[in-house]
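Asker: What follows is the residue order along each chain.
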Amino acid sequence: GQQLNQSPQSMFIQEGEDVSMNCTSSSIFNTWLWYKQDPGEGPVLLIALYKAGELTSNGRLTAQFGITRKDSFLNISASIPSDVGIYFCAGLTNFGNEKLTFGTGTRLTIIP
Amino acid sequence: DSGVTQTPKHLITATGQRVTLRCSPRSGDLSVYWYQQSLDQGLQFLIQYYNGEERAKGNILERFSAQQFPDLHSELNLSSLELGDSALYFCASGGGGDTQYFGPGTRLTVL
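Those protein sequence lines, which keep their order, are chains A and B.
Its first residue numbered 1, the first sequence is counted upward by one per residue in this note's numbering.
Its first residue numbered 1001, the second sequence is counted upward by one per residue in this note's numbering.
Just so you know, the hints here were simulated from the structure itself, not pulled from any lab data.
Heads up, a few of these hints could be off.
What the hints assert, rightly or not - With a straight-line Cα cutoff of 30 Å, these simulated DSSO-like cross-link-like pairs (lysine-lysine) come out:
| no. | chain 1 | residue 1 | chain 2 | residue 2 |
| --- | --- | --- | --- | --- |
| 1 | A | K70 | B | K1057 |
| 2 | A | K51 | B | K1057 |
| 3 | A | K70 | A | K51 |
| 4 | B | K1009 | B | K1057 |
In isolation and in its complexed conformation, chain A is listed as follows (with noise of 0.2 Å):
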């Protein structure tokens, strides 16, 4: 099945640190969201974004949807130790279904 390309897969950091991540697909989308998922948890919803530039945040998350509408990215500004997880982007095309593209995930360690 079809995957988003999300980039790095792996972020080793330090508490305190800021981190960036994007994902990249080949399709437009109309949505894209992105979520974290906790060891043996599902994913949880951080931020959804509706319009092509649209920066959203979420506290210390902030979301910015691209301008081509085929990329997003997602920052975490002054990372603290509950942020590790998997972070996944997904799209959305509104196109007379409402199935969800996930990205490969980046996953988040945080360096003590």
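For chain A, the structure is supplied; the task is to place chain B on it using the hints.
Answerer: Showing chain B alone in chain A's frame:
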């Protein structure tokens, strides 16, 4: 807590068997989505139901089927199980729009 419940949390069975996974959506949500998460394929959309009717289909095998009942809970039936069906199966619910809220998942192990 997303408000979506899934049972069972873990399921261990043998090849060739059939299992049923159950999902209760958030109160008020009419849509239920099923996803499969495996190590090599990531999170893959299987099927969506909206108010009892199938709305969208993804990479769902013919051995798999789902339904949504009048009380809006949904069941995913997996039959003739193979080793490769071992995965986490997630249910998500939503109002029929774009945001989907995921349940805790059912971990299926086929031996």
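Asker: If a hint holds in the structure, say so; if it doesn't, say that too.
Answerer: Checked hints:
no.	hint	in the structure
1	K70(A) with K1057(B)	holds, 23 Å
2	K51(A) with K1057(B)	holds, 26 Å
3	K70(A) with K51(A)	holds, 12 Å
4	K1009(B) with K1057(B)	holds, 24 Å
Violated hints are absent here; each numbered hint is respected by the structure.
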